[in-house]
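Here's the letter readout for the chains.
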Amino acid sequence: MHELAVTESILKIATEYASRAEAKQVTHLYLVIGQLSSIVDDSVRFYWDIISHGTLCEGAQLHFERIPARLTCQDCGTTYTLVDELTLCPHCQSDRVRVVAGEEFRLDSIDIGN
Amino acid sequence: MTTQRVPVVEKILSANDQLADQNRRRLDEAGVFALNIMASPGAGKTSLILKTIEKIAPFHRLAVIEGDTAPVTIDADKITAAGVPAVQINTGGDCHLDAVMVSNALSNLPLNEIALLIIENVGNLICPAAFRLGAHANVVIASVPEGDDKPYKYPNIYRGIDALILNKIDLLPYVQFNPDYFRQGVKILNPQAAFFSLSCKTDEGVGEWIDWLSARIKRAR
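If you read the protein sequences in the order shown, they are chains A and B.
Taking our numbering, the leading residue of the first sequence gets 37, the next gets one more, and so forth.
Taking our numbering, the leading residue of the second sequence gets 41, the next gets one more, and so forth.
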């Protein structure tokens, strides 16, 4: 449900950077979204088409790079990727683990046309 | 037309984060400790707030910001009836509070007269996690009847929190709920979070939560 607010932020940031670069048009946006950030790509795309209409970003394509959640065990040092459910360290079964990736939530770059 | 790649590398909700920082500064200047309370609908947010008012109000003045998706004042009315100033935010269907809404609400509260501000977020385990408000402590309330698998299904909300409250522990004898499995999920996601098991109905465990909160209110003064 919060994808509308998220999409509005993406549009605002992309428009700012594009205006600063004196772009006539934004053609592609490259987003980096971690598995632990609860965002549905399709919803963002749906809102994007509506709210980018009539802006510098109209018609620009969204590209999502999804980063899997990764955890490192504090006891044995094993780093592992979450497939589905949260799991203990697969090597030593410790619950002393730390999330090291999967929370990314950023706009990395845009392609513009001058 | 020439095309060109422009690096951005900006957090998508950075505008909200900046305003949340401003909210934090306003609270700090007034010496107010603020809590952002998040939970699914029915976990007991309002019950815990009323219980907290009952225990804290004799020692500290406080106020409440009530986030609701619809223009109903059921929760705000209960708070006001307990003698505590409450500001209602109607999000107009939005699933979360954001820093702008809280900033507006702060302007309608006597910040210099209170020591504690409790912000009751919209009942939802997904969206509020993404929007920082500027509170000093983020708290999630889970409740026994919701089931012990919530950290596994909604991991994001457990990541940035300072305390987790497991409410309705008086129902443990009647409901399938494995406290160890639940705590393990929370620990994987957030080993630092303080953990409280309590029942707003029987008062069991409430004292430890109030002690934790009282220590933080005093530190903020």
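Think of the hints as simulated: they come from the structure by calculation, not from any bench.
It is possible that some hints are incorrect.
Said to hold, decoys possible - So these bits of chain A aren't anywhere near chain B, every CB distance computed over 10 Å: (1) Tyr53; (2) Lys60; (3) Glu101.
Claimed, not checked - Facing chain B, according to a computed beta carbon distance under 10 Å, are these residues of chain A, among others: (4) Glu52; (5) Val119; (6) Leu124.
Stated by the list, open to error - Derived pair list, reagent style SDA-like, types lysine to any residue, alpha-carbon separation capped at 25 Å: (7) Lys91(B) <-> Ile257(B); (8) Lys60(A) <-> Ala203(B); (9) Lys51(B) <-> Leu47(A); (10) Lys60(A) <-> Glu94(A); (11) Lys241(B) <-> Val215(B); (12) Lys258(B) <-> Ala203(B); (13) Lys48(A) <-> Gln62(B); (14) Lys227(B) <-> Gln71(A); (15) Lys51(B) <-> Tyr66(A); (16) Lys227(B) <-> Lys60(A); (17) Lys193(B) <-> Asn218(B).
Computed from a prediction, not measured in an experiment: that's the story for all the values here.
Even glycine gets a Cβ: it sits at the ideal position worked out from N, Cα and C.
Verification of the hints:
At the 10 Å boundary, the C-beta of Tyr53(A) falls inside the reach of chain B, the nearest C-beta of that chain being 5 Å off. At roughly 7 Å from the closest C-beta of chain B, the C-beta of Lys60(A) falls inside 10 Å, breaking its exclusion from the interface. For Glu101(A), the requirement that its beta carbon stay farther than 10 Å from each beta carbon of chain B is met, with the minimum near 13 Å. Among the interface hints, the one on Glu52(A) holds; its C-beta lies about 9 Å from the nearest C-beta in chain B, closer than the 10 Å criterion.
Taking 10 Å as the C-beta cut-off, the interface hint given for Val119(A) is violated, the closest approach to chain B being about 13 Å. Restraint check, Leu124(A) versus chain B: the minimum CB separation of about 7 Å is within 10 Å; hint holds. Using a Cα cut-off of 25 Å, the hinted pair Lys91(B) and Ile257(B) holds, with the two alpha carbons roughly 16 Å apart. A hinted pair counts as satisfied when its Cα atoms are at most 25 Å apart, and Lys60(A) with Ala203(B) does not qualify at roughly 48 Å.
In summary, the hint linking Lys51(B) to Leu47(A) is supported, as the alpha carbons are separated by about 13 Å, within the 25 Å threshold. Using a Cα cut-off of 25 Å, the hinted pair Lys60(A) and Glu94(A) holds, with the two alpha carbons roughly 11 Å apart. Annotation: proposed proximity of Lys241(B) to Val215(B) holds, straight-line Cα distance about 16 Å (limit 25 Å). With a C-alpha separation of about 17 Å, the suggested pair Lys258(B) and Ala203(B) falls inside the 25 Å cut-off, and the hint holds.
For the suggested pair Lys48(A) and Gln62(B), the alpha carbons sit about 20 Å apart, so the restraint of at most 25 Å is met. The suggested pairing of Lys227(B) with Gln71(A) holds, with an alpha-carbon distance near 18 Å, which does not exceed 25 Å. Between Lys51(B) and Tyr66(A), the direct Cα distance comes to roughly 12 Å. Compliance with the 25 Å bound is thereby established for this hinted pair. Distance hint between Lys227(B) and Lys60(A) is unfulfilled; the C-alpha atoms sit about 49 Å from each other, more than 25 Å.
Under the criterion of a C-alpha separation no larger than 25 Å, the hint pairing Lys193(B) with Asn218(B) is consistent with the structure, at around 15 Å.
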